[in-house]
Amino acid sequence: MVTLEDFHSDDPIAWCPGCGNFSILKALKKALVDIQQPPNELIIVSGIGQAPKTPHYLRCNCFNGLHGRTLPVATGIKLANHKLTVLAQGGDGDGYGEGGNHFLHAMRRNINITYLVHNNQVYGLTKGQASPTSEYGFVTKTTPRGARNPAFNPLLLAIACDCSFVARGFAGEIEHLAALIKKGIQHKGFALIDILQPCVSFNRVNTFKWYSDRVYKIDVNSQYDAADRINAFEKAQEWGDKIPIGVFYRIQRPTLEDQIPAIAEKPLVAQQTDPAVFSELLETFK
Amino acid sequence: MVTLEDFHSDDPIAWCPGCGNFSILKALKKALVDIQQPPNELIIVSGIGQAPKTPHYLRCNCFNGLHGRTLPVATGIKLANHKLTVLAQGGDGDGYGEGGNHFLHAMRRNINITYLVHNNQVYGLTKGQASPTSEYGFVTKTTPRGARNPAFNPLLLAIACDCSFVARGFAGEIEHLAALIKKGIQHKGFALIDILQPCVSFNRVNTFKWYSDRVYKIDVNSQYDAADRINAFEKAQEWGDKIPIGVFYRIQRPTLEDQIPAIAEKPLVAQQTDPAVFSELLETFK
Amino acid sequence: MDISIRIGGEAGQGIQSISSIIARTFVRHDFYVFINQDFASRIRGGHNFDQVRISNAPVHAAADKIQILVALDKETTRRDIDCLADNGILLFDGDGIGFTSENPNHLSIPFAQIASEVGKSKIMINSVATGAAIALTDFELRQVLDCLQEQFQQKGPETVENNQKSATAGYDFVRQNLKEKPPFRVPPAKSVRQKMLLTGSQAIALGAMASGLKFYSGYPMSPATPIMEFISSQAATYNIILEQAEDEIAAINMVIGANFAGARAMTATSGGGFCLMVEALSLAGMTETPAVIVVAQRPGPSTGLPTRTEQGDLNFVMHAGHGDFPRAILAPGYPEQALCLMSKAFNLADKYQTPVIVLGDQHFNDAYFTVDELNLRDITIDRGHILTDQDLPTPQAYERYAPSESGISSRILPGHTKAVLYADSDEHTQEGHITESATVRNQMVRKRMQKLKGLRREIGPPEIYPSGEAELVLLGWGSTHGVIKEAVNKLNQNGIVAQMVHYSELFPFNPDHIAIAALTKAKIIAVENNYLGQFAEFFSKSTGLSVDQKILKYDGRPFTSHEIVEQVKDVI
Amino acid sequence: MDISIRIGGEAGQGIQSISSIIARTFVRHDFYVFINQDFASRIRGGHNFDQVRISNAPVHAAADKIQILVALDKETTRRDIDCLADNGILLFDGDGIGFTSENPNHLSIPFAQIASEVGKSKIMINSVATGAAIALTDFELRQVLDCLQEQFQQKGPETVENNQKSATAGYDFVRQNLKEKPPFRVPPAKSVRQKMLLTGSQAIALGAMASGLKFYSGYPMSPATPIMEFISSQAATYNIILEQAEDEIAAINMVIGANFAGARAMTATSGGGFCLMVEALSLAGMTETPAVIVVAQRPGPSTGLPTRTEQGDLNFVMHAGHGDFPRAILAPGYPEQALCLMSKAFNLADKYQTPVIVLGDQHFNDAYFTVDELNLRDITIDRGHILTDQDLPTPQAYERYAPSESGISSRILPGHTKAVLYADSDEHTQEGHITESATVRNQMVRKRMQKLKGLRREIGPPEIYPSGEAELVLLGWGSTHGVIKEAVNKLNQNGIVAQMVHYSELFPFNPDHIAIAALTKAKIIAVENNYLGQFAEFFSKSTGLSVDQKILKYDGRPFTSHEIVEQVKDVI
Ligand SMILES: Cc1ncc(C[n+]2csc(CCOP(=O)(O)OP(=O)(O)O)c2C)c(N)n1
Ligand SMILES: Cc1ncc(C[n+]2csc(CCOP(=O)(O)OP(=O)(O)O)c2C)c(N)n1
Ligand code: SF4
Ligand code: SF4
Ligand SMILES: [Mg+2]
Ligand SMILES: [Mg+2]
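Chains as they are written, first to last, in my numbering: chain A, 1 to 286; chain B, 1 to 286; chain C, 1 to 572; chain D, 1 to 572.
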């Protein structure tokens, strides 16, 4: 049996007291215990930022790489060993700013990775500049007169890219978030979970209270049909007085790994090469 | 009066005979004459590929930069001198592969640039690999068993990013395309025109005939409301036996330049700096 | 007089509010202050310190020993107490941080209690501590109170009053508990308010803006972010556009676009971000577009130590980009130089139509320096060869890459009324169209590389200090200027005739300056903040002179002059 | 025997179908063939040629003069006729391309007409031309027909027949119109079919696959694309995953991910794409993850001449990436070496857990070489220190970056049943957690850089040809191997005692090999396909030996031995 203790890490946490990341870490651990994920068979790939420190605070395999480049590393790992449970984890700047292109293409590939974006609508680790998800008019040191661009909506983008699992969670709803993460990991295909994460140091607008006052769950007691793309696109536009959380969109389509005969039997890492087998190929050059 | 002659360039064209790019060049010139665009006040920024050679075949200012990086260069130019008409031009690999991140963020900025993507659903200049817009199953030397990913739909993405002008043209409909380009340039804000462009050398599936058999114009004699985002999202999903061309989505929202007081009076390039004015600022350090 | 005050504690405890009040107060009274910032890559917690060095002579480096240590947390007492000079005094809040000491030089002050009681809020701890520290000197408290007044006046009179009262209470507490008179003597203060206190980043930003910067695009990255933030704070006043890019690739390409269109433009980043700019660096080289890029170095490889210092990217920036193209590399050692070199960077970029890189590092960029004056007359603006509408009398075919002896062709800007221009990243003809011709290729390679000749002549000499002959040369570049100079002074005081040779204009190497006696006759010791001694290697290669020893440090921290002196003694 | 046949024409005219049939035919009959491909960056039109050199002794470079020129367009007659040797013969379709000549060595053949009439389609022009070219030699036509048979058999008997008939008709036409017997003598052909004809790219790809490559990710870029395409063609057979990435940044990060997870992985690109990989190079260095990157060079800067050749990225790849970290750089000179060096690249990457770069260039990658044998036994697979489940007896805390004398720590792969691992791009502790400690930082920098020592010892000696002492050394690296060797032979024939010193294992420089007599006593002339003489500079710096002269070429075209010989004569 996998227990919470199995995920215990000794590495001291470097987040600010009160940061939303603590709750996300909690929800993540809870989800992992719920699905009885053996830590050894889990790898979290993260970028650079506050959120990407998370895997150090769990006992599991961790590759803490470059800002914005979580998804390609995670893709390489998953294709090399698709028996692993692969999570990618990063911030909004990491994933939607620097890493925007990989985000688009990972969704298109529908590789079986769960992607957790701690969306605090600000650059935390670099001390509070506007991020792609910062709201229009958000004042920071790089946007002293307020952000000039409307906030980037990752859910709309994901639905447009036909991402096969699109969800939003909130750090203030740990149970709900844990359930989302669980569903995301269990989903076959690429799962985006954008997580509203209060940053107590640099985002004084979108606070715990601000979010709490607004979020509501779409997936509870409702007729909501997550397979309906148009519906999802409409729902994902809601932002303001009411902010939906839950699974917006979920479909089944072939994953990348499923389409590759080379790993139908066993993962790449389990395959040995004997150079001699290439002698046949050499003949074709004669 | 600006005439076709004014856009004549002596540079010999390096495209394959029969390439769809010839028609796009024609439509572009036509649009420029229609709007009486002085060549001197026009700049085309392009990437690397077959499409990005286009500006050499016009008489106008040209910056032929890097594969995938048209939009940031165009953005820099536009912000430095917003009196210029700025076009960005590239291929599907250039814009949706290598340049995907800039595409997302240029749309968000709503900078007043018209972006022409020659979408031949293949990498032309590098001799025929799959591009993001290649259809599922498309066979190339890098996808000998067919592309494993569904084609990337730039229009859906653009609508999701609230791009203020989203259109699709076809190289086989020169008049219609010229009209789209004209509208795109006249539109205040970022205008995407994705152009179906047959590649006679490397795309034997999506040929002139294939497209001609399928395209129809949405904007002629129809009730189509291009301001309706949901509607546009639905329309942009059509692909197969029938492929709509025309303006899918068009809204007005503030452009990036409009929001910058620094250039309300005159463009940056027209502003001189006298180092002495900074003496006041130096005082603040005392 | 040479007093150093270190304020240590967790991120978020307001270390900088203490150091900046102290520093400002002294600078406004005509002292020289240098602040070295040492902090971890986190927003709250961890161990951090600011070290404020105050002197009546110029200081450009941190001291090895400190006179006053203000410990805002227990960790500071553990880590930093060894830095105290023999007569040094530790100030701390014993109850607050759970630390006790029998040492008479360790003074517990109830910061928190005073703050709550006198300042009406725990936040006032910083002002209490500020007052307490000042009380250890014979500097007047009133001057600190004035500075607090100015600092907090926008926040209203109540805030001002609470801060002032807290500082006074801290001051009084120490004075009452001091057995003798304040241990640290301070010469009489002049209230002239002429000197400036500013960081390397601010000097770089000021230099850029005064040189006509009109467009900045960048992506946040320590330690380069403060440049962007400072420019951002001034953008509205000085009509500068600051656009935060989606990534560094966008940033540099926007900068190239803006420069191409005729607006002076720059970006700043650190090594990791610069990696992403390398393709466009080569683009600027090929299209012959000016571009100024500040690389504020930090310890690599990869993410490394994001908030610490290193001079480890010299080799990289010297060779970054595929193919051969001309570039210049400058590395300021102090703010006045940063101002001039930013002006030079923009002028070289415009004149030679090619990228120019300015190397900073966390130490230089984040440290506060005191300067007597920043002379805006040092800034000249030379836009190079740009043909205006008047310069071309009639509409004509213009050739962007026309040949010339210098390798430089006249630019026009897009929008020119008489001509259009073609710029291309492919090899191109004079007209700017794509070519496959071997002959044209040869011409164009030579044309571009010819510019290196001119650039080389523009590169100024190293700074030799002191002048004259010496047996021993400490060879340095960039941010180590201050500390090497101080080490040289100490060595000379110790009877070792040493000289600093400091390079701030690094590339292309100008051989005219090699003949300098110092270099050819003396024993040369390179002092660098990196593992390999990158500059030493470049210097040897360029001059044929061998570097005899290297003093290298790569733990993410800057040198102190003491360290250098000791190591010099070891190796000579 | 040494015959060169150049086929010139527009892109899309099927130049390669002619050259490959001729080449294959000869190789199958135990001749040595070398094909140099010269083409513009366009799909149709432009001027291009393939030059097929045939000999009964090994040939590894293009000849200066050609015996047979097949002109498929008029441009070829204009551009290439000067390359004809004195007795050289031009074959062309006078009506077809609108060219006439009085010269008796210029033979007009109605390619198009014969193709339509005999081959039933204009496409058959290529077979007509092939037959015509062969007719100028006393090689048997039958052997060409056999090759056509094999080439076209999948397309059905009709295609085979049409091609064979066309070739025969071309052959007959020439034979009928030749006044004398065929001018070019060919020794009797052996039908042994032992030799292989393959490109540098194919050799690289083969080497990688036979070394256990399991994952390839890349983004198309000339001249690296053929590596990806060849691997792609074999991926299904050999259980390799080939994933085309959205950009080069994704490609290298995927490769790092796959290597981290334990699958041998690589990418290939050219200079511009490599620029985008530099940040991740540094990541591989810091996280100590193996990664193999092939950089197929082309002339820069920037887009440059995308389909042409240069050795201009050596400086760049040597210093690419911020901060200091170990790497190795290899550069094969011929296919057999490419096979071995790819094996070495993967072994070094795995053993030292760090990136390894293999430098190719357009000339090497696209040229066809004939090899007597590729010995798969030359390939060894050494995965380095990987602890399996059995190696760790009990579940335990494992330290990814545990110290060791070599600087190498044992890896485990994620999924290990007994332990988990942390890898980090920040400076990290032995456990892989982020640290700010100066002490740990120092240890980790030294640990990583320690690996350079081991790597240095692995670097093999340069090739000396011929052995013995010489007055003159031609110093080269990578793709110039064949042409320098040939030049050395010619020089020796001319009484100039010359020797080739060829480096294929470039970095880190192994000083053990400097003592070689050739280097210390002879006059050294560097021969490089770049503007600066990048290797010469590196060589001088690393050895302290001066390079006396440089023969440099940077017009995008490879050297011929004739050019080298002439320039050597000029400078000695
Ligand atoms: C290539 C590169 N650019 C910039 C940085 C600097 N950087 C580190 S974290 C960060 C942004 C953090 O914001 P976000 O991704 O939203 O994460 P958060 O800290 O808010 O959790 C940046 C810009 C970097 N490490 N690498
Ligand atoms: C950074 C970089 N990567 C790769 C290339 C090579 N390259 C040149 S054009 C091209 C793709 C062309 O496809 P597309 O953008 O669709 O344009 P098309 O030729 O089809 O018009 C590629 C990959 C490059 N020039 N730069
Ligand atoms: S800065 Fe914000 S996101 Fe980062 S740890 Fe602190 S509260 Fe959390
Ligand atoms: S390869 Fe395709 S896109 Fe390129 S010029 Fe030829 S037909 Fe046009
Ligand atoms: Mg964030
Ligand atoms: Mg394309």
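Please keep in mind that the hints were generated in silico from the structure rather than gathered at the bench.
Any given hint might turn out to be false.
Here's a subset of chain D near chain C, in silico, CB distances under 7 Å, partners left out [what the hints assert, rightly or not]:
#1 305
#2 315
#3 441
#4 531
Backbone N, C-alpha and C fix where the C-beta goes; we use that ideal spot for every residue, glycine too.
- Identify whether the interface hint at residue 441 of chain D stands, where standing means a beta carbon of chain C within less than 7 Å of its own. holds (5 Å)
- Taking 7 Å as the limit, does the beta-carbon of residue 315 of chain D come near enough to a beta-carbon in chain C? holds (4 Å)
- Item | chain C contact restraint for residue 531 of chain D - C-beta distance below 7 Å | holds (5 Å)
- Task: Go through the hint on residue 305 of chain D and say holds or violated, using the shortest Cβ distance to chain C against 7 Å.
- Result: Check passed: Cβ of residue 305 of chain D comes within 5 Å of chain C, closer than 7 Å.
Violation of the numbered hints given earlier is absent; every hint is satisfied by the structure.
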